[in-house]
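Asks: In order, the protein sequences belong to chains F and R.
Sequential numbering from 0 applies to the first sequence in numbering that gives the first Met the number 0.
Sequential numbering from 0 applies to the second sequence in numbering that gives the first Met the number 0.
Some clues are possibly wrong.
[Claimed, not checked] Here are the simulated DSSO-like pairs of lysine-lysine, each with C-alpha atoms no more than 30 Å apart in a straight line:
#1 F:K115 to F:K104
#2 R:K141 to R:K119
#3 R:K136 to R:K93
#4 F:K227 to R:K422
#5 R:K119 to R:K93
#6 F:K227 to R:K402
#7 R:K476 to F:K227
[Stated by the list, open to error] Taking beta-carbon pairs under 7 Å as the criterion, some of the chain F residues facing chain R (in silico):
#8 E52
#9 D221
#10 T224
#11 M228
#12 R229
#13 P243
#14 N244
#15 L306
Keep in mind that the hints were calculated from the coordinates and are not lab data.
Since we're looking at a predicted model, the values are computed, not measured.
The beta carbon of each residue, even a glycine, is placed where N, CA and C say it ideally should be.
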Amino acid sequence: MSDENSHDAPDQAPDSSSTAVAETVSDVETVNDLDDEPEFDEGAGTKAQIKKEQRRILFRSPGFIIGVVVLLFWLLASLVPELLTQWGPKEFVTDGEGNPLVRSKPSGDAWFGTDKVGRDVYARVIYGTRPVLITAPVAALLAVVAGTLLGLTIGYYRGWVDEIISRIIEGILSIPSILMAIIVIFTFGSTRPVIIGTVAVLFTPTVTRTIRAATLAESQLDYVTAAKMRGERGLFVITREIFPNVVGVVVVELTVRLGYAVFTIATLAFLGLVGSNLTDADWGVDVSENYELIVRDIWWPTMFPALAIASLVIAVNLLADSIQKATSS
Amino acid sequence: MSVTDDRPTVDQDVAALSVQNLRMSYVVREIPREVLRGVTFEVRPGEKYGLVGESGCGKSTTAYAALRYLPTNGRITEGSVLAAGNDLISMSGKELREFRASRASMVYQDPVQAVNPVLKIGPQVAECFRIVGFGRKESMEKAREALERVHIAAPGSVMDRYPHQLSGGMLQRVVIAMALASEPSLLVLDEPTTGLDATVEAEVLDLVRELCQETGAAILLIAHNLGVISTMCDRVGVMYAGRIVEEGAVREVFDNPSHPYTVGLLNSIPRHGVRKTDRELFAIPGNLPQIGEPLPGCVYLDRCPIATELCRTDAPPTPELADGHWTRCHYPDRIGDVPGPKRTEWDHEIGTEEIIGVHGVSKTFRQRGTEVPALVSIDLGFADGETLGLVGESGSGKSTLAKTMLGVHEADEGGAITLRGRKMANRSTQRVEESIRAIQMVFQNPDSALNRAWTVRRILTRSITKLTGLRGDEADKRAREIAEAMRLSPRHLDMRPRQLSGGLKQRVAIARAFAGDPDVVVCDEPTSALDVSVQAAILNLLARLQRDVRTSYLFISHDIGVVRYLADRIAVMYVGRIVELGTTEQIFAGPNHPYTEALLSAVPNVDGISRDRIPLMGDIPSPADPPSGCVFHPRCHRVIMGLCDVTEPELIELSSAHQLKCHLSVEQLSVPVEITPTAD
Chain F
0 MSDENSHDAP DQAPDSSSTA VAETVSDVET VNDLDDEPEF DEGAGTKAQI
50 KKEQRRILFR SPGFIIGVVV LLFWLLASLV PELLTQWGPK EFVTDGEGNP
100 LVRSKPSGDA WFGTDKVGRD VYARVIYGTR PVLITAPVAA LLAVVAGTLL
150 GLTIGYYRGW VDEIISRIIE GILSIPSILM AIIVIFTFGS TRPVIIGTVA
200 VLFTPTVTRT IRAATLAESQ LDYVTAAKMR GERGLFVITR EIFPNVVGVV
250 VVELTVRLGY AVFTIATLAF LGLVGSNLTD ADWGVDVSEN YELIVRDIWW
300 PTMFPALAIA SLVIAVNLLA DSIQKATSS
Chain R
0 MSVTDDRPTV DQDVAALSVQ NLRMSYVVRE IPREVLRGVT FEVRPGEKYG
50 LVGESGCGKS TTAYAALRYL PTNGRITEGS VLAAGNDLIS MSGKELREFR
100 ASRASMVYQD PVQAVNPVLK IGPQVAECFR IVGFGRKESM EKAREALERV
150 HIAAPGSVMD RYPHQLSGGM LQRVVIAMAL ASEPSLLVLD EPTTGLDATV
200 EAEVLDLVRE LCQETGAAIL LIAHNLGVIS TMCDRVGVMY AGRIVEEGAV
250 REVFDNPSHP YTVGLLNSIP RHGVRKTDRE LFAIPGNLPQ IGEPLPGCVY
300 LDRCPIATEL CRTDAPPTPE LADGHWTRCH YPDRIGDVPG PKRTEWDHEI
350 GTEEIIGVHG VSKTFRQRGT EVPALVSIDL GFADGETLGL VGESGSGKST
400 LAKTMLGVHE ADEGGAITLR GRKMANRSTQ RVEESIRAIQ MVFQNPDSAL
450 NRAWTVRRIL TRSITKLTGL RGDEADKRAR EIAEAMRLSP RHLDMRPRQL
500 SGGLKQRVAI ARAFAGDPDV VVCDEPTSAL DVSVQAAILN LLARLQRDVR
550 TSYLFISHDI GVVRYLADRI AVMYVGRIVE LGTTEQIFAG PNHPYTEALL
600 SAVPNVDGIS RDRIPLMGDI PSPADPPSGC VFHPRCHRVI MGLCDVTEPE
650 LIELSSAHQL KCHLSVEQLS VPVEITPTAD
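My request is simple: use the sequences and hints to build the entire structure.
Replies: See the structure below:
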């Protein structure tokens with residue numbers, strides 16, 4: 000570290016004195032007496048080092064590793080489910096002799112057991128990944144985009160627009176989200192776009208509030224004053240000056256919302272509000288289809304999809320947490 | 000590397016605090032990095048010991064270590080800390096708690112963070128007494144006495160208030176009252192006055208001095224302000240990179256510095272009334288070494304002008320120069336070779352044309368229906384190439400004036416801000432490009448003033464494009480030229496602000512202000528967040544830019560020494576009014592407005608010339624509710640009741656260019672004040 004940090008004024012003086020001197024100070028020699036001025040170089044060489052150390056912490060943190068492994072597995076499952084299972088989601092499992100297996104315990108033939116009509120629970124969990132991994136990220140992304148736009152605008156301009164939108168947000172937040180979702184879905188039908196839209200609308204207020212707070216804090220910094228002083232327009236200040244500084248918050252918000260979106264969509268599916276075709280594999284649907292069987296000790300058709308939901312939510316959160324921890328160290 | 004420190008010490012059992020060869024590391028990103036590289040000093044009973052040095056040198060770490068109050072990632076690796084013979088390092092948690100409760104106390108930099116915001120002052124102070132074993136009622140009674148002892152005028156009503164209802168100076172006094180509750184034998188003060196105005200600072204320091212005399216407590220004072228150390232302490236240790244490099248009696252060290260670092264520090268502040276026309280300030284080249292960096296030889300090696308090969312390989316000895324005064328240097332006898340600051344050839348004349356004029360400008364804020372006159376009919380003007388210093392306590396309206404001039408705040412109808420005689424719009428958004436270009440600002444805190452997400456190049460080119468209309472390669476070329484004029488190297492252009500040190504960031508901020516070749520640059524405390532040696536470099540830069548391109552400055556600062564160095568004229572502000580205006584010579588020669596008089600007397604200085612301080616009683620009044628008559632009369636030591644509290648004084652001309660707002664005559668103002676040591 001020491002060599003990177005030692006001041007390098009001596010070797011710079013010769014070439015810089017030969018280059019053009021700024022026109023503002025053209026009349027006097029300005030560069031020849033560099034030696035009396037401190038040449039700071041703090042962190043210039045150490046930036047790479049900090050990055051490296053942060054990466055090392057990240058890659059060594061168990062949360063990150065677990066999160067990545069679990070997430071990668073689910074990603075694979077959603078992209079190429081047929082690689083991971085021999086059964087299709089709607090196929091009926093048979094044993095060696097071709098006898099159908101119904102409500103059989105987890106075994107070598109059916110790792111997670113079979114459900115009440117004899118479909119492989121494992122296959123349904125694998126095939127059930129895709130609907131969640133499409134709807135949840137899209138919904139979270141929409142919510143974060145809308146919330147960021149709103150939050151930036153009202154956080155920067157304040158005034159009556161802020162007052163009105165803030166009150167609307169509080170209004171939306173005061174309605175229980177599931178109740179709201181049920182009303183919307185009953186009104187507009189339970190197609191996938193409606194589900195995504197509903198979840199996005201439900202999450203937008205929270206995102207807006209977070210981004211608004213961050214924007215408010217940024218607007219009070221002097222660089223925003225400086226921008227106003229040189230006559231920048233509001234749009235420029237918001238998009239170019241403030242936005243890059245709240246990007247970190249936006250990313251965190253996206254990961255957090257993603258976890259919640261998985262959760263909410265599974266909940267809606269459980270309530271029977273998702274998709275028109277009940278035979279399609281879906282974690283939430285499968286849980287709701289089979290949970291009555293738990294009392295008869297047939298826990299596997301419910302438990303495995305439920306665990307899948309939990310693992311995805313936890314993996315996303317672990318990932319978000321460990322990234323945040325590493326970058327703030 | 001020398002492992003032991005062979006400094007002679009007093010009997011460790013007697014010392015209020017004895018730190019022996021203390022080594023400490025912080026674990027940062029899982030790697031332990033050494034911050035204290037063998038610190039040895041002791042504070043004798045009843046002694047006032049100061050630690051001084053640049054930020055990052057380990058002063059505060061030492062203070063915290065002295066009470067074994069370490070952050071979770073701090074590890075003491077070697078050495079001992081003894082307080083009155085008790086070994087702190089081997090103490091159990093319980094013993095440590097008892098020790099801190101009864102025998103040592105700490106006062107922190109920011110009083111606002113040191114108190115619990117949801118507890119009223121009374122119960123909060125009383126708690127300190129309850130811990131030592133007093134009953135509930137007794138504690139409240141004791142708390143009242145404690146507040147009286149720190150000169151809080153109406154302790155009863157203060158006890159019933161919450162911390163946010165008190166001013167910074169008042170809160171710091173409460174914190175001191177709490178620290179002294181247990182009658183500690185050791186009081187550690189970590190930059191206790193850094194956030195306070197000079198006037199309040201002087202009061203707090205007087206208070207600490209007086210109380211310690213009373214209780215006989217020893218003091219360990221951490222400060223970066225050499226003036227504070229000079230006025231407060233008996234002995235001082237100069238710290239650098241986790242080691243004490245020079246130690247001795249304060250006067251001895253400041254008058255005969257024997258370590259190149261001490262010499263550099265003392266040369267970097269404007270002393271003995273030195274002005275920009277006389278000489279530059281000395282800026283210590285280079286940076287403090289990073290924590291954890293192995294430094295086998297002299298810690299100061301990289302920045303030392305007289306270092307040799309010996310300094311690289313061998314840790315320096317610690318020769319004793321006078322009684323108790325030693326330095327950690329191989330060559331204390333070559334100290335005369337350390338180059339001093341350069342003389343300046345100041346052939347610069349202040350122009351006669353008024354560049355910016357502020358004529359009868361007022362600014363009234365509206366807060367919940369009430370009107371707050373923050374600026375009242377300000378008249379100022381400055382010529383080309385002139386520096387106008389603006390001083391006053393915080394809350395006097397200095398920054399409001401600056402922002403009103405720049406159009407961030409819209410001035411009230413009636414006044415006029417003129418650029419070369421032509422009136423400018425009151426809001427920056429309505430100003431023509433020429434007006435925007437002509438007046439720019441450098442902010443106090445470069446961290447806040449520079450966009451963290453932007454590279455230096457982008458910061459500069461955007462301002463250039465906006466202010467001069469140059470685009471693309473032309474703007475880039477201009478950015479490189481300006482950066483060079485600010486002594487930034489080309490590779491800094493592609494860095495982001497957080498990769499730069501405080502001084503470099505402030506250079507970028509100055510570069511941005513100069514992007515459009517402005518006529519006037521408003522500098523709002525541009526060096527108050529910086530270390531003295533970095534401050535020196537920035538002040539040199541500002542002075543040189545002024546000499547070379549004839550920029551005018553409005554220079555706002557609470558540091559009177561700095562203003563004196565840089566300013567040609569000084570305006571003194573109080574509650575939104577200019578109470579005195581004159582050339583720097585006139586202001587420092589007097590006679591002055593009583594407020595200026597008090598301000599000037601409060602400045603702690605390094606030169607050892609003690610002046611009688613004129614106490615400023617109470618707090619600066621809120622502009623929402625200004626006192627009747629002369630706004631200064633409730634705090635004035637020359638007040639004439641029946642006149643000052645009724646009529647607002649007119650601006651009178653004392654001599655050419657020297658004006659002040661006071662009822663008193665020159666003769667009356669010239670009579671030295673009798674200072675009665677008071678409580679307020």
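Asks: Could you run down the list of hints and mark each one as holding or not?
Replies: How the hints compare with the structure:
1. A threshold of 30 Å between alpha carbons decides the hint, and for K115 of chain F with K104 of chain F the separation of about 11 Å falls inside it, so the pair holds.
2. For a cut-off of 30 Å, the pair hint linking K141 of chain R to K119 of chain R stands: about 15 Å separates their Cα positions.
3. Proposed proximity of K136 of chain R and K93 of chain R is supported: the alpha carbons are some 26 Å apart, at most 30 Å.
4. Note on K227 of chain F and K422 of chain R: the hinted pairing holds, with a Cα-Cα distance of about 20 Å set against a maximum of 30 Å.
5. Restraint check for K119 of chain R and K93 of chain R: satisfied, since their Cα atoms lie roughly 28 Å apart, inside the 30 Å limit.
6. A threshold of 30 Å between alpha carbons decides the hint, and for K227 of chain F with K402 of chain R the separation of about 11 Å falls inside it, so the pair holds.
7. In summary, the hint linking K476 of chain R to K227 of chain F is supported, as the alpha carbons are separated by about 24 Å, within the 30 Å threshold.
8. A least Cβ separation of about 4 Å between E52 of chain F and chain R falls short of the 7 Å threshold, and the interface hint therefore holds.
9. For the restraint placing D221 of chain F at the interface with chain R, the shortest Cβ-Cβ distance is roughly 4 Å, inside the 7 Å limit, so the hint holds.
10. With 7 Å as the threshold, the beta carbon of T224 of chain F comes within range of chain R, its nearest partner Cβ sitting at about 6 Å, so the hint holds.
11. The beta carbon of M228 of chain F is positioned within 7 Å of a beta carbon in chain R (closest approach about 6 Å), and the interface hint is therefore held.
12. Using the Cβ-Cβ criterion of 7 Å, the hint placing R229 of chain F at the interface with chain R is satisfied: the shortest such distance is roughly 5 Å.
13. The closest approach between the C-beta of P243 of chain F and any C-beta of chain R is roughly 3 Å, which is under the 7 Å cut-off, so the hint is satisfied.
14. Because the smallest distance between the Cβ of N244 of chain F and any Cβ of chain R comes to about 5 Å, under 7 Å, the interface hint for this residue holds.
15. At a threshold of 7 Å, the smallest CB-CB gap from L306 of chain F to chain R is about 33 Å, leaving the interface hint violated.
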